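Undergrad: What follows is the residue order along each chain.
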Amino acid sequence: MTTAVPTAPAPAAPPAGRLRRHRPVLLLLAPGALALLLTYALPLVWVVRMALNRPLDGGAILQTVTLSTFTDVLASSHYWNVIGQTLQLGVLTTVFTLLLSYPVALFLARTTSRWRSLLFALAVAPLLISSVARTFGWMAILGNQGVVNKTLLAIGVIDDPLRLANNMTGVVIASTEIYMPFAILAMLAGFGRLDPELERAAASLGAGRFAVLRRVVLPLTAPGVLTASLLVFVLSLSGYVTPRLIGGGRVFVLATEIYDEAMNSLNWPVAAVLSVLLLLLFGLVVAVHLWAQRVLEARFTGRGRSTS
Amino acid sequence: MADQPAAPARAGYLRLAGLTKVFPGEGGPQGAAVAGIDLEVAHGELLAVLGPSGCGKSTTLRMIAGLIEPSAGTVEVGGRDITRLPVHRRDMGVVFQSYALFPHLDVFRNVAFGLEMRKTAKSEVRTRVARALDLVRLGHLGDRRVSQLSGGQQQRVALARALVIEPAVLLLDEPLSNLDAQLRGAMRDEIRRIHDETGITTVFVTHDQREALSMADRVAVMNAGRVEQLGTPEEVYERPSGRFTAEFVGRANLLPGTVTATHGAGGGAGAEVAIPGLGTVRATGDAVTPEGRATVMLRPHRITLRAAGKADAGPRGTVLSAGYSGEVIGYRVRAAHDGPELEVEHPAGAGTAFGPGAEVLIGWDDAAPRLVADDGDPA
Chain A
1 MTTAVPTAPA PAAPPAGRLR RHRPVLLLLA PGALALLLTY ALPLVWVVRM ALNRPLDGGA
61 ILQTVTLSTF TDVLASSHYW NVIGQTLQLG VLTTVFTLLL SYPVALFLAR TTSRWRSLLF
121 ALAVAPLLIS SVARTFGWMA ILGNQGVVNK TLLAIGVIDD PLRLANNMTG VVIASTEIYM
181 PFAILAMLAG FGRLDPELER AAASLGAGRF AVLRRVVLPL TAPGVLTASL LVFVLSLSGY
241 VTPRLIGGGR VFVLATEIYD EAMNSLNWPV AAVLSVLLLL LFGLVVAVHL WAQRVLEARF
301 TGRGRSTS
Chain B
1 MADQPAAPAR AGYLRLAGLT KVFPGEGGPQ GAAVAGIDLE VAHGELLAVL GPSGCGKSTT
61 LRMIAGLIEP SAGTVEVGGR DITRLPVHRR DMGVVFQSYA LFPHLDVFRN VAFGLEMRKT
121 AKSEVRTRVA RALDLVRLGH LGDRRVSQLS GGQQQRVALA RALVIEPAVL LLDEPLSNLD
181 AQLRGAMRDE IRRIHDETGI TTVFVTHDQR EALSMADRVA VMNAGRVEQL GTPEEVYERP
241 SGRFTAEFVG RANLLPGTVT ATHGAGGGAG AEVAIPGLGT VRATGDAVTP EGRATVMLRP
301 HRITLRAAGK ADAGPRGTVL SAGYSGEVIG YRVRAAHDGP ELEVEHPAGA GTAFGPGAEV
361 LIGWDDAAPR LVADDGDPA
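These protein sequence lines map, in sequence, to chains A and B. The opening residue of the first sequence carries number 1 in the UniProt record's numbering; numbering runs sequentially from there. The opening residue of the second sequence carries number 1 in the UniProt record's numbering; numbering runs sequentially from there.
Keep in mind the hints are simulated off the structure, nothing from the lab. Predicted model, so just to flag it, every value in this text is computed and none were measured.
With the C-beta cut set under 7 Å, the calculated list includes, among others, these residues of chain B facing chain A:
1) Val87
2) Ser98
3) Arg118
Glycine included, each C-beta is placed from N, C-alpha and C at the ideal position.
The shape of chain A in the complex, shown without the other chains (with noise of 0.2 Å):
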């Protein structure tokens, strides 16, 4: 950069003068940049390589730079039926934990009761058990012996146990529970602009409970939503621990299958492949996030033409 940059405050420092003034800052990012270099940027470096391979029969991989192994996998059904899968469970997880977490967050953000800590630490307590530990509980939950199916049957509501593990309908549930506490947290803090004086406002000018809701309510916690949206679209499309146990071998996701094709099929190039597919999917993900986060910006600042 031999140029100052346009909007720079002060006026134009020879390149060494501001390497001078900002060295502080360089030093103190020296360290975390480090630590991403070596575990971040260069193992993925590594899985990009990994994915221009050839797998060979056994294990074996042939060293070359190729992209068949990708039109290989693109080609193949059984590919597209696991990132169908994967996208699948991460939509349906989203839209219930957003359903489930938005009158929680709402609640927790508009009460006056004293007992609001409390009530806020209750929502996001589950964050203290380990995921694991979490998947273990839905099991005994759900599954065919579980507390569900047991309850149903000794009161004969049901005949046969529902099929409430071990599929699709069993890691959603459990999935979704386990990221509320994510969402409710995300929720709250993009909540800021809500206002109590809002919605009396908006009664006042006589707008019904509904309306309310939908025309002042929906719009001001819009943004905190998104937040939580991406969180949670993004954890689930990557979570393996709920599919590997509550799916018990019959839901396949891209973290199980990423697992499966590295530690027991020992084909790595394929398990390259898919990570670095899963990462163009965050990619498209965190894309639309932020197409979509600078839409609701502009409506709250004034379409581009924001006074900062």
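Guided by the hints, dock chain B onto chain A, whose structure is given.
TA: Showing chain B alone in chain A's frame:
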């Protein structure tokens, strides 16, 4: 509202009867935020509810709007009891202290909100919003975001949003308190002008006596959940009913004394009151206790000070302090040697200025002294 009488009674268009609010946790009627208010506002009138913070004036306004449910009493508009009617069906235009503009909507959509809730036709919404924005002189800012407006502009949008629905009653909660002093003066005239143009029955709440006196047709002075006095600005200022009103609306010297003679009755009533240090003062009013005691109110600006010569007769005093504040000089004067301490205001630059220790002759307008009931409740 179609079911309003065609010609509402001139008196009592908005009628509050025994309106009371006791918040949970507050005990008994003594602790009520609003303790039984009876008030009638005529159609097209501009009423100011004036009182110190915590006197229950905002709670009263919110009960009229339907935002707070009264513990007892009724609210009537045009002869119709609306006490139990939910907020959104009350047809009240409310301007909130914080303005409460919708940050996700532009100025036009903010103002259009109430009309959209009433399912008004799109073309009519456009013309009425434009008219409302013109009324508050913001016609050119319809497509602005709320966050791009100054405080004064936001205040006008809030006003336009409440006016555009042509509400039965317009309610303003401390509408000027968030504006700087200069803007406040301009908005004061602006609200009065808009009221005169629209003729909407208006109640506004304020803790600023100048706002109340300069804008309102009538002023209701509130204290501790009750209406102390209801009257025109002149009545409230010149003939306060009690100590609280006298001291809260403007500044006042309240001088206790002994009644030596009374004369007249009703509006022409008056009395002569012997006040230690000032001699006998002729005052209007009839607030005399059975024991023959009375309290005389003298406004600081109605008292005059002259340099005292040796031969001059009349009440004398000593200047204790003098404070210059631009338009006026405020003095504290001790009457006689052991008499009451008086607050006096002189226009700055007119006549002699006195320094502390100066010996002065104390005089006043003959019409100024006024008897005030001493309710034993100093402000």
